[in-house]
Each structure stands twice: as C-alpha cells, then as structure tokens.
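Chains as they are written, first to last, in our numbering: chain A, 1 to 201; chain B, 1 to 335; chain C, 1 to 396.
Some hints here could point you the wrong way.
Claimed, not checked - Stretch-level coverage of chain A by chain C, calculated; a stretch enters the list once three of its residues show a Cβ under 8 Å from a Cβ in chain C: (1) 21-33; (2) 39-48; (3) 67-73; (4) 145-151.
Unchecked claim - Sample of chain C residues at the chain A side, in silico, Cβ under 8 Å: (5) ASP53; (6) GLY64; (7) TYR65; (8) LEU156; (9) GLU273; (10) ILE277; (11) THR278; (12) PRO325; (13) THR329.
What the hints assert, rightly or not - Non-contacting residues of chain B with respect to chain C, defined by C-beta distances greater than 10 Å in every case (computed): (14) SER15; (15) ALA47; (16) MET219.
Quick caveat, the hints were computed from the structure, so don't treat them as lab data.
Using N, Cα and C, we set each Cβ at its ideal position, and we do this for glycine too.
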Amino acid sequence: MTSSPSETEAAVETEPQAHPLQEYADGVADAVGGTAEIQFDTIKVKVPNDAWVDAHVTARDQFDLVFFSWLSAIDWCNEVEVGDELSEEVEERFELLTTLGDLTEGKRVTFSTDLDAKTPVIPSLIEVFAGANWHEREAHEMFGIDFLGHPNLAHLYLPDGFLGNPLRKSFPLLTREVKPWPGKVDVEAMPEKPTTENPES
Amino acid sequence: MIELLTDLFSNFWVSLAGKLALVALMIPLIGMALGFAEIKLSAKMQARVGPYFAGGRWGWAQLIADGIKFFQKEDIIPTAADRPVFKAAPMLVLVSTVALLVVIPFGPGLIFRDLSVGVFYALAVSSLSTIGILMAGWSSGNKYSLIGGLRAAGQLIAYELPLVLAVVGAVIMAGTMSMSGIVEAQIAAGFPYVIVQFVGFGIFLVAALAELTRIPFDMPIAESELVMGYLTEYSGFRFLFFFLAEFANMFTLSAIAATLFLGGYWLPGVPESVLEFAGPAILLGKVFLLAFVMIWFRWTFPRFREDQLQTLAWKWLVPLALANIAVTAVLKVVL
Amino acid sequence: MTINSDTMRHLSEAQVSVELETEDMTLNIGPQHPSTHGVLRLVARIDGERAFDVQPVIGYMHRGYEKICEVRTYPQITTIINRIDWVSGYANEIPFIVAAEKLMEVEVPERAQYIRLILTEMARISSHLIFMASYPLELGAATPLFFALRERERVLDLLESVTGGRFHPNFNRIGGVKPAAGAGPTMKKTSQDLPANFLPETRSAMDRVMEVCDELEDLVAGNEIILARTRGVGVIPVEVAAAYGLSGPNLRASGVPFDLRKIEDYLPYDRFEFDVITGENGDCWDRWHCRLQEIRESGKIIQQAIDDIPSGDLLAKVPKLIKVPKGETYVRAENPKGEMGYYLVSDGKDGPYRLKIRSASFSNLSILPWVLEGVLVPDIIAIMGSLDFVLGDVDR
C-alpha cells in the first residue's frame, strides 16, 4: 500500500506520489473490512472469505458500485501442467475476483478473496447481483468452485458429459498431449540454405 | 383453315380441353413473369442488379432455370410428416388460384366463363387456399411449420372479412355480381369505381396483401423467426407449386381489384372496337401497376406482429368496410 | 346475501378461471436458425404465441481462449484475440495491448495512438453497420441490409489497405502499431507508415457513411411498422441492466450516459469532441437509435483525428522478446458491443499467467431469461436482435 506524501521532504523525493484514487480505495476497504491495493490503476480490495457477500452489499449500497462487470478466479498453483511455472513459490489457493463499477463517475473496484485449494466453497452472489448467475456458472465449471445458494450450477460452455475443470493449472491441454507445440518462438530462425546445386552450371 | 378450327372448337369437349390447356399454360407464364418483375424490381430498390447472366443480358431466363432446378430436385418428405396431406396441400393452394382465373374478363367477351355470381365465386374459391396452408403447416411434422400454419389460419380467416366486405361496395354500385357485368357498368358510368370507392379499394389491397401472406403480413412465413413457416419442409417441385401459386395469386387478386375498381380492360376514351384486342393489354397494364405496388411494399416494410395484424383486421378494416357499405348503399338509394 | 362489487368481481373471476387445458410447447430456437447471430440455442416454452420461459444454451463456439492464452506469448496472443468479436475485429486487441503496455510501463508514440483510435472507430462503424443491416432484416425489412453493407465495404476496404485484414487485423504490437506491411526490420522507419491515400480516402468514406446514416434514418426510423414492432418492446430498466452487467449502447439506451471512452484513458479520446448518446426508455427502438447516432459520432471523431494526426514513430522501443514484469491489472475499453476488458495477471514470463477476458456479449446475453419473460414469439427475435451480441464474444 503506497502511503500519502509524508511531511519530510526527503520522504517526498523517495516515496512515490499517492495514487489519486488511494483515498477512495481506502474508504472502500475500510467499509468492507478488507485491505486495498492499487496496482497499475486497478484498485484491488482483498476481503476475508466470510465477508464476501456483505462486502458486495456494502459496495453496492454505500458506494454506488451497482455495475456488475465480471466474476472469475485465478488458480495459484506451483506445479503447472501447462505453461510455465511460477517464478516464486505462492500459497496454493484459488483467488476469486469480481469487478464492480459505478455508473456516474466511472470508478471500478476489484474485490478478491482467497479460497482453499482443495475444497473451494463460497456463498453465491446471486442475491446481490442477478448478473452473477452466469459468471458463477462459468467459474464453477472452469475451476470447480462451489457456490452455495446458486440455483443452477449446470455446465454453461462445456458439453454435458465433460469431466474436469479446464482452467485449473492441473488440467492439461488435450492438444498438447496429442501433438506437442513446436515451441514458443518469437522470432523464427532463418531457413537453412538450400543444398541442391544446379547440375547444369 | 379458319373454318376448320371454328368447327373444331364449337364442340364443347374440345373447347373445354382448349380452355383447360390455356389456363394451365397461363399459370406458369404469369408466375414467371411476375416473379421476374419481383426479382428485378427488388434489385433496383436495393441498389443491385439482380439476375444478370441467365439467358443473355438481363437474366430473363432466371426463373425458367429456377423452375427446371426445382423440378429435378429430390422429393424429400420428412418421416414424421403425414404423407397424403403433405402431398395434397400444395395442390389445393394451386387449384384455388387456377380456379380464380376462370372469371376474370380479359376483354369484352374474353372470359373463360362469365358466371352471373362471378364475384361471389371468386371470393369463395380464393379462401380455399387457407385450408391448403393449414394442411401444409400441420402435416409437416415440424413445430415451426405448425406455428406458421396456425398463424396463417388466424391471419387468413381474419382478412377474408375485409376482402369480401370491400367488394360489396363495388357490387352495390354496379348492381350485378358478374365480373364482366361490373366492367360494363363502369363503362356505362364513364368512370372507374376507384374514384368513389377509394376506401374499398384501399381495404381490398391491404386484405389482398394479407391473403397472399406477403410482407407486411407474412407472419405465417416469417423468414427470420420460423425459418419458412409452413413452407419449411417443402422442397423441390412441391415448393415450386407454392411459389407459382403465390405469384399467380398475386396476378389474380390484382386482376380482380383492377376489374372491380379500376375498370378492368377498359380505359376512358378508348372505343369499343379497340377494346376487343387491346383489352387484355390494358388489363395487364393495370395488373402490373398493382403488382408493382405490392412488390414495393414487400421490400420497404417489415412485418407486423401477429396481434398487431389481428388488431388491424378486426378493429380497423372490418368496421371501415362496413361503414363503406352503409354509405354506398345510402348514397345509391338517395342519388 | 348482499350483492356488492366484491361479489360481482368474485363471480366474474370464477367464470374466467375455468380455462381450456392446453399444453405448452417447447420450441427450440437454434442452434441453426436465421436469426440467432451464430450458434445460440434458446429453449423456449411457449403457450400459443407467448413464451414464458426462455433459457439460452451457449457454448457451441467455446474455443477455450483463456486456457490458450496461458500457453502463448504476448505477440502470439495479439494474433488470436481479434477473433473474439469478429465483427469488430480491431477493437478486441486494444484493451489487451494497453494492459500489457501498462505492466511494461511503455509509452506509446502519439501517432500510433491516433492510428489506433482511427481504426478502432472504424471497427465501431463496421460493427454498428452490421447491426443496421441485420436488425431490420429480422423484423422483415430486407432493404436496409444492402444500403448498410455497401458502406461497410468501404470501411472494410480501408481497414484492409492498412492492416492487411478485413476482419482480423492483427495490427497492434506492444508499444504501438505494426510498422509496415510485410517489410522486415531492415527497412527505414520513414517508409513504414500508412498507405499514401489512406487519410483522404477515409475522409470521403466517412462522408458516405454519414449519408447512409441519413438514408437509413429515412427508411427505417420513421416507418410505422418498425415503430410498432420496437417501441415499448423489451424495456430494460437501468437497475436491471447494471445488475446484469449490460454495457455499451444497450446500457445507454436505458438512459445512462456512461461511455468508457470518456472515462478511461486507454486511447486519447479526451482530445476529441463527441457526444454520448442516450435513449429514453430502454426499449428496442432506443437501442437501434443509439447505434445509429453512434455511427455519426464515430464519423465525427475520425474526421477530427485525421485533421490532427501527428507525425512520428509507429512503434516504441521494446525488446525483441517481450517479457512483461510481474503485476495484475484490469483494462476495460468501449467496444462496439459494450465493455470489453482484460484482467491480465503476469508473472514476469513471456506469456500471461492468467488472462481473464471480460466480453461484452456474455453479459448482454445473460439478461435474456429476464427480459424474455412473457413476450410474444416475434418479440423474442426483435429483442434478441436489438441486444446485438455475437456468439464468438459470448462463448470465447
């Protein structure tokens, strides 16, 4: 959390300027009982698990964050089946994210909470925002997160008999199994010189 | 040579066969002519050229090619369909169209059969197509067709009434139900009835559009919702029958409108002797004018929703037509 | 017993409640259907002409974008993300590129930003013209299709002349736009720029687009049948729209002047003057009208941008192998269909750790069960068309 410019001048030179939204972010964080962080113009408020639904109710009623943008999750896992491994060890968990916005000033806040990696369970937001319906269905089928109180957690995208949760890091990409990707090359090497020589010349 | 032919055709059966052959020949010809008008006119309205390659320069053979294409297609009948009804439906629709041609006067004396109840017969026969469409919708074994068929039943029955009531005004003015009799009454009066019966003419046109299930009244087909409505499962020559029936029906209803309201084969100022051979041309000209208006409406307007369509028929057209009859009758007695 | 008004009402209600026992029908609209904008399946339970339970079934076009993007490098992702909403191809790349540039803290040259803005607005015009073409067709009017698509061809030809692709431009690079069409790194920068007559031709194309907007307005806007089919149909109040995440012209038609071009700074929109178009009632007519007016506004923006475009580089200095430092950010943009956003989680590698794609049509479509409650079957098509979604955007 960056702090406001302090009184001493030396501190002003070394510490970065406060983000213009810092005050707002702190206000939101205090109201919902979490901690705020601003990274690259994105306000992220981390709330504990049991305050998840209440945080959204407060955000909607008190801060006018009525626009439900999206809900999704990140699978923090140290052993990845696809892609590269993480550069440093993280605590294995699912991080559930939602983004809410307001319709008058254009502020947006991303709320996040950590779910247990083995049994990710959280109450559903469907009572607070009706639009969470489909987003939670997608998160359920992609990550295996169980939303308590959701009326219909059927598959949204995947076919009916599909087993597994595709967006988990432990779920392999099927095409990789069948045929390995030639490699993540950014610049292809020049083709080798042709070896055929003209017999006539 | 001429005497030989006149002797031949004075025989009832030979002349009957001749008339049947003529009617049967007219249907595809009219269908293709009006169909060609539709595709070229719609192309002009939409900033494109339309068929261009079939038959030389301006694609006049396009519909002939389409007809041959439809004929040689495989005859597909869905397994869930009710086979006899499925096969009979297009025939019924075409039959009602063909039967209408009988009472249209193409010139003084040029009429297949001058029935003394010509108007009555024409309107009765034209409503046979409703049964055909309902049969098509029901027997296809397809939910979309069913919805289309039921919509068609509702719409066609609803618009029969304005159609019939609109012509009553012209019949009152002429004093006869025979089609050629009405034309002669207009000749005697010196003006086509549309000048006085413009309300009836307007209602007849709108109801005719609805009877043809053309846009803006094409809920039964509703291409963007019901795929093709009651026509969904029809392909090949069965679809060709419906297609021909639609354009031929366009011709016959326009011809009836021209006869009853626009003076038929007569133009003011044309002497009787000229009418003998120019009559058909004049009638065709008027029919083409009305067909142009129908084509124009089709490509300009979207379609009405079913409840708006029914509201238009029952709450607007029927009372208007009844009022028209009342006013006409009163004025006929008074004047 | 005294007969009073209560008794009379009770008696009349008792008569009416004896209804015919009719079964309702389950009608499957789609996945192959002329009007469902792609492979969308609606399972509708209808009673006569009235539908009372419409459930969309999606996923026929699910391509697994988010999983694929986890195993691609950033330049490779640029190639594929313009296929999410294929109607407005260029606009899909912008929020992702801006997110990556934010994390890398790269400053994009001015000229590149202006070019991005011009091409994004052209993508918006292209997407809205498709809507202008297909929406009256769903209502039954076939003619506006030809007028709108004729002008769209001009815009697509211009896009192709610059980017090489009509629908999938793949023109953005991290740090700017693609320096040249087909040239390698040895060509001098001055010769790698927009085609020579792109700017004047764009100007005249915009004039034609404004004219076709007038033509469409004459043909469609005053038509009584169109008004009867769309006014008061599919009214979505603001609260419901916000709760479902409806965005773009759909939200603005309900009366909220919320336009991300004025709020976010992913492209230099603050240098141009344009209005935010709102509707009054939130019905299908307002959604149509908003999009028509937005075409005009985009034309205005493009004219202003062409007048002001600065000269300069097209691509900032970025390393050859792009590695984005650790961080997370969410960048959202005003796509033609609505709000499109990318939540980029980077771990310092050459590909993202997690890329969440927030697509506009997904949220726009999720409101269908709510708004299609108790409407007539033709209105299902009218409302669905007015939400203007694309299945690639819904299913990703």
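Okay, the hints, checked on the actual structure:
Requiring three or more residues with a Cβ within less than 8 Å of a Cβ of chain C, the coverage given for the segment 21-33 of chain A is violated, as only 0 such residues are present. Residue count for the segment 39-48 of chain A with a Cβ under 8 Å from a Cβ of chain C: 5. That meets the three needed, and the coverage hint holds. Counting residues of the segment 67-73 of chain A whose CB lies closer than 8 Å to any CB of chain C gives 5, which reaches the minimum of 3, so the coverage claim holds. Using a Cβ-Cβ cut-off of 8 Å, 0 residues of the segment 145-151 of chain A lie near chain C, which falls short of the minimum of three, so the contact claim is violated.
Contact between ASP53 of chain C and chain A, as hinted, is not supported at the beta carbon level, the nearest pair being about 13 Å apart and thus beyond 8 Å. About 7 Å separates the beta-carbon of GLY64 of chain C from the nearest beta-carbon of chain A, less than 8 Å, and the hint is met. For TYR65 of chain C, the suggested interface contact is broken, since its CB lies about 11 Å from the closest CB of chain A, more than 8 Å. For the restraint placing LEU156 of chain C at the interface with chain A, the shortest Cβ-Cβ distance is roughly 30 Å, beyond the 8 Å limit, so the hint is violated.
Taking 8 Å as the C-beta contact cut-off toward chain A, the hint placing GLU273 of chain C at the interface is violated, the least distance being around 19 Å. Taking 8 Å as the C-beta cut-off, the interface hint given for ILE277 of chain C is violated, the closest approach to chain A being about 16 Å. Hint status for THR278 of chain C relative to chain A: violated, with the closest Cβ pair at about 12 Å, above 8 Å. A least Cβ separation of about 10 Å between PRO325 of chain C and chain A goes past the 8 Å threshold, and the interface hint is therefore violated.
Evaluation of the THR329 of chain C hint against chain A yields a held restraint, the C-beta minimum of about 4 Å falling below 8 Å. Every CB of chain C is more than 10 Å from the CB of SER15 of chain B (nearest about 45 Å), matching its label as outside the interface. ALA47 of chain B, annotated as away from the interface, has a beta carbon of chain C within 10 Å; the closest lies near 6 Å. Not every beta carbon of chain C lies more than 10 Å from that of MET219 of chain B, the smallest distance being close to 7 Å; the non-interface claim is violated.
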